[in-house]
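Please arrange chain B on chain A, whose structure you already have, making use of the hints.
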Amino acid sequence: MLEFLNYPFMIRAMAAGSAVALVLGYLGTFIVTRRLSFIGDGLAHASLLGVALAILLGFAPLPTAMVTAVILAILIYYLERKTNLSGDMAIAIIFSSGMALGLILLHFYSGYQPELMSYLFGNILAISQFDLIFIITASVIIITILTVFFRSFLFATFDPVGAYLAGKKPWLYDLLLYIMTAVAIIAGIKLVGIILVSALLVIPSAIARLYTKSFVNFILLAILLSFLIINSGLIISYYLDLPSGATIVLTGSVLFVLLSITKKIIK
Amino acid sequence: MDKSYLQVNNLHYSISGQTILHDISFSLAQGDILVIIGPNGSGKTTLLKLILGVIKPDKGTVLINNKNVKMALGKIAYVPQKFEFDRNIPITVKEFIALEKCGKKEHGARFINNALAQVGMADKEDKKLGVLSGGEFQRLMIARALLHEKELLIFDEPAAGIDLQGEATIYSLISQINQEKGTTCLIVSHELSVVSRFAKQVLCLNKSVVCFGPPQSAITPEVLQNLYGTEAGLYNHHE
Numbered sequence: 001m002l003e004f005l006n007y008p009f010m011i012r013a014m015a016a017g018s019a020v021a022l023v024l025g026y027l028g029t030f031i032v033t034r035r036l037s038f039i040g041d042g043l044a045h046a047s048l049l050g051v052a053l054a055i056l057l058g059f060a061p062l063p064t065a066m067v068t069a070v071i072l073a074i075l076i077y078y079l080e081r082k083t084n085l086s087g088d089m090a091i092a093i094i095f096s097s098g099m100a101l102g103l104i105l106l107h108f109y110s111g112y113q114p115e116l117m118s119y120l121f122g123n124i125l126a127i128s129q130f131d132l133i134f135i136i137t138a139s140v141i142i143i144t145i146l147t148v149f150f151r152s153f154l155f156a157t158f159d160p161v162g163a164y165l166a167g168k169k170p171w172l173y174d175l176l177l178y179i180m181t182a183v184a185i186i187a188g189i190k191l192v193g194i195i196l197v198s199a200l201l202v203i204p205s206a207i208a209r210l211y212t213k214s215f216v217n218f219i220l221l222a223i224l225l226s227f228l229i230i231n232s233g234l235i236i237s238y239y240l241d242l243p244s245g246a247t248i249v250l251t252g253s254v255l256f257v258l259l260s261i262t263k264k265i266i267k
Numbered sequence: 268m269d270k271s272y273l274q275v276n277n278l279h280y281s282i283s284g285q286t287i288l289h290d291i292s293f294s295l296a297q298g299d300i301l302v303i304i305g306p307n308g309s310g311k312t313t314l315l316k317l318i319l320g321v322i323k324p325d326k327g328t329v330l331i332n333n334k335n336v337k338m339a340l341g342k343i344a345y346v347p348q349k350f351e352f353d354r355n356i357p358i359t360v361k362e363f364i365a366l367e368k369c370g371k372k373e374h375g376a377r378f379i380n381n382a383l384a385q386v387g388m389a390d391k392e393d394k395k396l397g398v399l400s401g402g403e404f405q406r407l408m409i410a411r412a413l414l415h416e417k418e419l420l421i422f423d424e425p426a427a428g429i430d431l432q433g434e435a436t437i438y439s440l441i442s443q444i445n446q447e448k449g450t451t452c453l454i455v456s457h458e459l460s461v462v463s464r465f466a467k468q469v470l471c472l473n474k475s476v477v478c479f480g481p482p483q484s485a486i487t488p489e490v491l492q493n494l495y496g497t498e499a500g501l502y503n504h505h506e
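Residue numbers (our numbering), protein chains in the order written: chain A, 1 to 267; chain B, 268 to 506.
Only chain A is shown next, with the shape it has when bound in the complex (with noise of 0.2 Å):
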């Protein structure tokens, strides 16, 4: 019945992915909160910049990735405040202009590159042992500042102007956040892909938000959802011997078509 915990890629992806549903569990409910589901997408499909980059100078491509997708996320933040353009105006531009230098870059790498598809779709046999203590240490920094700043990433996410007031910077807990995701995400890549990472980020807290009344509880019924998501539907990948990204993404999808009209009807 547990066999495939005799394998170590699935240990190492289950344990990659505890880390990796904690983190977007959690960062998520700020980004639904915030109305900006679109960041995850985007800096997730501009980070094939960061690969690219990587493959083609052969560097590490998860801290390559990570490192570029940093620097897009400040500069969606920068184009939204000190320019006239709306948030997902940014978001778009850094989206498609990062995803075109990506496939440029790779259009001069001559030979087949097996190690994109995994980042592309995610593949749980490539996540090394490497990848698997730097998805951790990115997670446990992430948790640990949301965690000891909690009061005031949630002050400026409701009240940017109240908490402004109260002394905070807002600002500067709106850029952590956008560096946080940017991480967050190229931590999840390899697990799901690039192309559907985003989803993990909004579908927990999609669901979470629908039972529960107190921010903290939606936060603890965000993480918890993730987790099981994203471990379900790595089991149920092996077993029916499907993609793991995209099963782990259906296993979110369906979870939430069934709680929402479980909700609907119990109402």
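No lab work stands behind these hints, which were simulated from the structure alone. Where hints are given, some of them may not hold.
PhoX-like cross-link-like pairs, simulated, lysine-lysine; straight-line CA separation at most 25 Å [claimed, not checked]:
| hint | chain 1 | residue 1 | chain 2 | residue 2 |
| --- | --- | --- | --- | --- |
| 1 | B | K326 | B | K316 |
| 2 | B | K395 | A | K267 |
| 3 | A | K267 | B | K391 |
| 4 | A | K264 | B | K334 |
| 5 | B | K323 | B | K334 |
| 6 | B | K323 | A | K82 |
| 7 | A | K213 | B | K349 |
| 8 | A | K169 | B | K467 |
| 9 | B | K316 | B | K467 |
| 10 | B | K334 | B | K316 |
| 11 | A | K213 | B | K391 |
| 12 | B | K323 | B | K349 |
| 13 | B | K467 | A | K82 |
| 14 | B | K323 | A | K213 |
| 15 | B | K474 | B | K316 |
| 16 | B | K337 | A | K169 |
| 17 | A | K169 | B | K334 |
| 18 | B | K334 | B | K361 |
| 19 | B | K361 | A | K213 |
| 20 | A | K169 | B | K316 |
| 21 | B | K368 | B | K395 |
| 22 | A | K264 | B | K395 |
| 23 | B | K323 | B | K337 |
For chain B alone, coordinates are given in the frame of chain A:
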């Protein structure tokens, strides 16, 4: 009375070359209630934002206790006309009111309960924020200001979209805070009756200052005609 608590000096503000506010100057003493009136588009909300330091003027200064507004952060509360948030997002009244931490004591459950009780919302602390009515939400914002004992409260049309009873409750709360704690209050209102009932000072605004002073002397039929262009009038309510 020494009018040096809030000093607004020669404020100018424009957007893309279009003047929004021109040469605004006035000062207030601590404990004053100033009601700012003016037609739509007269720059009332912009003036509040300039006072708060949320936007920067082209020219001019705002001083609180003779210091830059940034030095007064932590002492000012702002109640906007409309508080934008997604009502489907779960956050309780108690979580919302405790967003600002002033210290362990103030943040205690008892202080939150007291502040909510003062605005008649003691039984609502575990309610989801999204289910509150407009009036309840304004009262909650006032409770938050009470909890943290602010020096300056700034309200942008606090009773907009609220029924008459709710409106009376909100203005009597503002009046009560002003009397009991000596809190200085700035209120933007469309209601001329608010001026006659609550204002110690009135500022008539139409891109520049049309009148400023105690309502009895500042508001004349000519001023009202200049402001609203019709035969608007100021009437005292008989108790």
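We went through each hint and held it up to the structure:
1. A hinted pair counts as satisfied when its Cα atoms are at most 25 Å apart, and K326 (chain B) with K316 (chain B) qualifies at roughly 14 Å.
2. For the hint pairing K395 (chain B) with K267 (chain A), the CA-to-CA distance comes to about 16 Å; that is within 25 Å, so the pair holds.
3. Between K267 (chain A) and K391 (chain B) the alpha-carbon distance is near 21 Å, which keeps this suggested pair within the 25 Å criterion.
4. Note on K264 (chain A) and K334 (chain B): the hinted pairing is violated, with a Cα-Cα distance of about 55 Å set against a maximum of 25 Å.
5. With a C-alpha separation of about 16 Å, the suggested pair K323 (chain B) and K334 (chain B) falls inside the 25 Å cut-off, and the hint holds.
6. For the hint pairing K323 (chain B) with K82 (chain A), the CA-to-CA distance comes to about 14 Å; that is within 25 Å, so the pair holds.
7. Proximity of K213 (chain A) to K349 (chain B) is assessed by CA-CA distance (about 22 Å); at most 25 Å being required, the pair is judged to hold.
8. Between the alpha carbons of K169 (chain A) and K467 (chain B) the distance comes to roughly 34 Å, so the proposed pair goes past 25 Å and is violated.
9. Between the alpha carbons of K316 (chain B) and K467 (chain B) the distance comes to roughly 22 Å, so the proposed pair stays at or under 25 Å and holds.
10. Distance hint between K334 (chain B) and K316 (chain B) is fulfilled; the C-alpha atoms sit about 17 Å from each other, no more than 25 Å.
11. This hinted pair checks out: K213 (chain A) and K391 (chain B) have alpha carbons roughly 13 Å apart, not beyond 25 Å.
12. Of the pairs offered as hints, the one joining K323 (chain B) and K349 (chain B) holds, with about 22 Å between alpha carbons and a cut-off of 25 Å not exceeded.
13. For the proposed pair K467 (chain B) and K82 (chain A), the alpha carbon gap of about 40 Å is over 25 Å, so the pair is violated.
14. With a CA separation close to 38 Å, the supplied pair K323 (chain B) and K213 (chain A) exceeds the 25 Å bound.
15. Using a Cα cut-off of 25 Å, the hinted pair K474 (chain B) and K316 (chain B) holds, with the two alpha carbons roughly 14 Å apart.
16. A hinted pair counts as satisfied when its Cα atoms are at most 25 Å apart, and K337 (chain B) with K169 (chain A) qualifies at roughly 12 Å.
17. Between K169 (chain A) and K334 (chain B) the alpha-carbon distance is near 19 Å, which keeps this suggested pair within the 25 Å criterion.
18. Simply put, K334 (chain B) and K361 (chain B) have alpha-carbon atoms about 33 Å apart, too far for the 25 Å limit, and the pair is violated.
19. For the suggested pair K361 (chain B) and K213 (chain A), the alpha carbons sit about 11 Å apart, so the restraint of at most 25 Å is met.
20. For the given pair, K169 (chain A) sits about 17 Å from K316 (chain B) by alpha-carbon distance, which is consistent with the 25 Å threshold.
21. For the given pair, K368 (chain B) sits about 20 Å from K395 (chain B) by alpha-carbon distance, which is consistent with the 25 Å threshold.
22. A C-alpha spacing of about 18 Å is found between K264 (chain A) and K395 (chain B), which places the hinted pair at or below 25 Å, so the restraint holds.
23. Straight-line distance between C-alpha atoms of K323 (chain B) and K337 (chain B) comes to about 12 Å, which keeps the hinted pair within the 25 Å bound.
In the structure shown, a violation is registered for the earlier hints numbered 4, 8, 13, 14 and 18, in ascending order.
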